[in-house]
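I would like the entire structure built from these sequences, with the hints used as guidance.
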Amino acid sequence: MKTKLTESVKQAIVNSGLRSGMPISFHHHLRNGDYVLNMVLEAIAELGIGDLTVNASSLFDAHRPLKEHIKNGVVTTLQTDYMSRELGRFISAGGMKNPVQFRTHGGRPCDIENGKTPIDVAFIAAPASDAMGNCTGKIGKSACGSLGYAIPDAKCAKHVVVITDELHPYPLIEWSIPETDVDQVVAVESIGDPNGIVSGTTKITRDPVGLLMAMTAVDVIKASGLLKEGFSFQTGAGGASLAAAKYLKDVMLAEKYAAASASAASRAIWWICSTKAASNPCWMFSASI
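Quick note: the sequence shown, position 43, residue 43 per the numbering used here, numbers continuous.
Worth flagging that the hints you see were computed from the coordinates, not collected in a lab.
Treat the hints with care, as some may be off.
As the list claims (entries may be wrong) - With a straight-line Cα cutoff of 27 Å, these simulated DSS-like cross-link-like pairs (lysine-lysine) come out:
no., residue 1, residue 2
1, K155, K138
2, K97, K116
3, K256, K2
4, K4, K138
5, K246, K222
6, K256, K228
7, K138, K158
8, K10, K67
9, K4, K158
10, K10, K155
11, K155, K141
12, K116, K138
13, K246, K256
14, K141, K10
15, K141, K4
16, K246, K138
17, K158, K116
18, K116, K155
19, K2, K138
20, K71, K10
21, K67, K116
This is how it looks when you write it as structure tokens:
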């Protein structure tokens with residue numbers, strides 16, 4: 001069977017037709033453990049390509065090599081939803097000529113889909129993929145959970161490269177992104193350190209005020225009358241909201257409620273999923289937490 005496997009990241013870049021001045025994209029589901037953005041930009045720099053726009057759903061301290069690529073003109077524009085302290089200080093100190101363009105997590109996919117921020121080549125880190133590009137983040141040694149932030153990139157980019165560190169037999173059934181959205185697949189030794197997912201905003205707060213907020217939020221949920229068998233809920237990243245998920249788990253155990261669905265990057269929600277306290281799949285959790 002003919003596959004979409006390409007021998008290296010550098011060869012995939014060449015095959016994609018990437019040229020100077022084009023926009024490229026990355027997702028951030030591996031958060032501060034991501035290796036792919038640095039891996040790709042290093043290969044791009046070696047190929048002599050520059051003046052690129054990097055559209056990344058978030059940027060973390062793990063992406064500090066980006067500073068040198070900015071200084072060297074490989075990257076001249078950044079579009080992102082979040083930027084960590086180290087990169088932020090570099091930019092604030094005048095490290096980049098062009099202003100950074102910030103968007104919300106909802107605004108980014110909207111602007112990709114409506115063509116306001118087009119993507120020529122999307123590089124998608126995938127913890128598991130088959131040789132045709134059916135890929136997921138739910139399994140694999142670098143499992144990160146959902147690949148939701150990469151879906152608009154895969155749907156709308158002119159060329160899509162999946163980079164994985166775990167190839168599975170074809171077809172990979174429970175995919176998040178289908179082969180029909182993928183042009184190339186590259187297998188590498190490692191796409192990242194899943195331990196880096198649990199960092200910053202994905203750590204449950206220890207701050208007494210934050211914990212009080214979380215307990216109060218759960219009291220409000222209980223008093224709302226909506227906490228009952230088959231309920232659905234979602235929490236975002238953030239120490240207080242993840243603490244609320246933990247306290248809600250305790251209530252669910254005490255009251256013997258089962259959730260219909262749950263969405264969060266938290267250990268508590270992963271417990272709910274893994275013990276089948278949620279009757280439907282949890283669609284936005286991190287299996288490594």
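Comparing the hints with the structure gives:
1. K155 x K138: holds, 20 Å
2. K97 x K116: Satisfied, since the Cα-Cα distance of roughly 21 Å is no more than 27 Å.
3. K256 x K2: violated, 50 Å
4. K4 x K138: holds, 21 Å
5. K246 x K222: Holds - the C-alpha atoms of K222 and K246 are around 14 Å apart, at most 27 Å.
6. K256 x K228: Between K256 and K228 the Cα gap is close to 9 Å, so the pair holds against 27 Å.
7. K138 x K158: holds, 26 Å
8. K10 x K67: Measuring from Cα to Cα gives roughly 21 Å; hence the hint holds.
9. K4 x K158: holds, 16 Å
10. K10 x K155: OK: K10 and K155 at ~23 Å, within 27 Å.
11. K155 x K141: holds, 26 Å
12. K116 x K138: Distance of about 31 Å is beyond 27 Å: violated.
13. K246 x K256: holds, 15 Å
14. K141 x K10: holds, 23 Å
15. K141 x K4: holds, 22 Å
16. K246 x K138: Answer holds: K246 to K138 is near 21 Å, not above 27 Å.
17. K158 x K116: holds, 14 Å
18. K116 x K155: holds, 15 Å
19. K2 x K138: holds, 26 Å
20. K71 x K10: holds, 21 Å
21. K67 x K116: Distance of about 26 Å is within 27 Å: holds.
In summary, the numbered hints that this structure violates are 3 and 12.
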